[in-house]
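Undergrad: Once you've looked at the hints, dock chain Z against the given chain F.
Protein sequences, first through last, are from chains F and Z. Quick note: the first sequence, position 160, residue 160 per the UniProt record's numbering, numbers continuous. Quick note: the second sequence, position 73, residue 73 per the UniProt record's numbering, numbers continuous.
A portion of the hints provided could be inaccurate.
Any copy will do: because identical chains look the same in the list, a pair fits if it lies in one copy or spans two.
[Claimed, not checked] Here are the simulated lysine-lysine pairs, BS3-like style, with alpha carbons at most 30 Å apart: (1) K2 <-> K188; (2) K2 <-> K83; (3) K188 <-> K83; (4) K292 <-> K83; (5) K342 <-> K392; (6) K195 <-> K2; (7) K83 <-> K195; (8) K2 <-> K392.
Calculated from the structure, these hints are not laboratory results. Being a predicted model, the structure only gives us computed values, none of them experimental.
Protein chains: 2
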Amino acid sequence: MKYSFSNRMTALQPSIIREILKASSGQNVIPFSAGNPAPETFPVEAIRTFTQSILENEPVAALQYGITEGYAPLRETLLRHLKTGFATGSEEDDLFIVSGAQQGIELACKVFCNEGDTIICESPSFIGSLNSFRSAGARLVGVPIEADGIDISRLEHALRTEPNVKLIYLIPSFQNPTGLTTSLEKRKAIYALAKQYGVMILEDNPYGELRFQGEDVPTIKSMDDEGMVIYVGSFSKILSAGLRVGYVLAPQEVVQKMVVAKQGEDVHTAMLPQILAYRFMTDYDYAGHISKIRNIYRRKSSLMIAGLQEHLGQTITFTYPDGGLFLWCDLPAHIPMLDYAKAAAAEGVAVVPGTAFLVEETDACHAIRLNFSTPSDEQIERGVEILGQVLKSFRS
Amino acid sequence: MKYSFSNRMTALQPSIIREILKASSGQNVIPFSAGNPAPETFPVEAIRTFTQSILENEPVAALQYGITEGYAPLRETLLRHLKTGFATGSEEDDLFIVSGAQQGIELACKVFCNEGDTIICESPSFIGSLNSFRSAGARLVGVPIEADGIDISRLEHALRTEPNVKLIYLIPSFQNPTGLTTSLEKRKAIYALAKQYGVMILEDNPYGELRFQGEDVPTIKSMDDEGMVIYVGSFSKILSAGLRVGYVLAPQEVVQKMVVAKQGEDVHTAMLPQILAYRFMTDYDYAGHISKIRNIYRRKSSLMIAGLQEHLGQTITFTYPDGGLFLWCDLPAHIPMLDYAKAAAAEGVAVVPGTAFLVEETDACHAIRLNFSTPSDEQIERGVEILGQVLKSFRS
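Extracted from the complex, chain F is given alone in its bound form (with noise of 0.2 Å):
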């Protein structure tokens, strides 16, 4: 059988990215390419404990179907949360929950994208989300990043002259790939002009509460008066990616339209979870927990960047993140980024080469990601040194 696929799958072509990635996968590698939070950051005593108990106390709760809103324990406690920590959510929002982020990011793409219309996005941004608006047939703008967030220049030319619009889709805080965070003053600017095109903003926020030094800036979200933002936030990265749990903050009208089009998805999220982290807010010491994955990644992240400054520091420039996972390297100019990161894996050092998180893979970069979560200190430290010696055998 001669299968003939949708245009929006067709179109998505697998990438040579992968095979980069497939080939540093190995056991032995130094994971510097993943995105995945320590796993020391997982409660497990406590994720046992609590599951033990809702086992034993509501087992149909957490076994029977659930409605796509979400378990309503959950939705009221983070629409609690997110009004308290982030002056975020107003009476014309409301929440509810998806599995995991990705899926927020999705539905919002599935209720406001005609296949053909235009998204702006962070150039470079995160790959699954770039990959999710393609699937769904989107056309990608790609705007570039500075290092206080998105040329606004740029983006205002892009609302001005890109056709059908849709969505301006935004990871303004310790963003993935870069590791930046957009300012104050440009998250202001941003909504200004969102406002003025009368274009949808999506808010991706998973890394949100992993500040690991400076002051928090207010999200987009807390500035919405107008009904403008989408927000979409995560428990990956604070309780357990595997659970698969995220929410969405938006405006009523369009949360109801999400909902429908996460019923076609999906029913629900599984109930388990999503009790689980009910448990995890209100039962558990969350402002300790979130303080405790901060103390790890600012230990993770210093690590790294004084290894790339003892080992690549006169060759390279790099990100320096308030938070998240991830820090961004360009290499020199002469330097051919592909290569190098396949010879770095060939070392063990495994890394993204930062086209992948581009619209246009075949555009010009020489930048890698970097991430420093995941791998362990002794491998941050010994694979900072390796990356030092390949590159600096392609400097001889």
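TA: Chain Z in isolation, oriented as in the chain F frame:
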């Protein structure tokens, strides 16, 4: 803000049916309208034991990101199970895990259908699938279902005359909503037609193991020597609906596309539920458990049928399912079905108006769907009696 939603989501209008269902969802209502497995079929003790063991011995596997294809031991176990129990799955097939069968159905549509492409389905059919197809912008063509399955000559006519048919969607065993099972003869005829017209079959088999009388009929997938069948199965009715674990068996090339599409939706299915499903299949008396569920539903369906015969037998006709969760009652033509459903709800019995399952909700329909898995035995007896009284009030 005035929102401009995508065409496919704008077309998906709230249904009159929902209002009736809402009105009948109260605490004291007898739930003949649900599709929930009986809570007493959940192996709560085993789930508790397995969960403890998983969180003690492999917490990171349960809590960390997994791969999109799913937990490898579960995939292998399911492949074996389908091959030995259902003679299904060839060397050219692959299997991956989805977040409930609903996701498998949605993904099949996503990878094969452009907006406006046609899906042929039984009429009536499962509303969750129909709405999922609608929200992907597919065009639905319903072909009437008869006592032994879809009307073959009308199916052939539709395949010959409808434009851009990409999928034939079927629930061949204990269909939702009718409870009917497609005969072996018709399964062969359907497969031959699919082959002749080069159209994929989407075989949805959530109730396949819930046969409580008669003999198993081979799946259409078991005849699939050309890679024309996407087979979707689920743990929702045999382990737990709330855990949201299903699977798709399909030709490798199709699975690859569906996996890419799934990645953009939820990255992967929650890991703890997947590992639980694996333990349930390997470390538990699976066959004994299935047998227990069959006994429960045999009893409940018999109770409902006996009650219908006693209280409504001279006025209505209904299906005698050999398995599954539902039966389908045709009211006399002179009784306005929606009014009857409303009156039943007012008397405390929720039923689903048959129109909910039609491709065109406005088509004439005098049937209601009754579910016997959710209500208790007492509720079944009392509920059917009430349905009889309500019917009498319409005749007088």
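Undergrad: Going back to the hint list, which numbers does this structure go against?
TA: Number 8 - this is the single hint that the structure violates.
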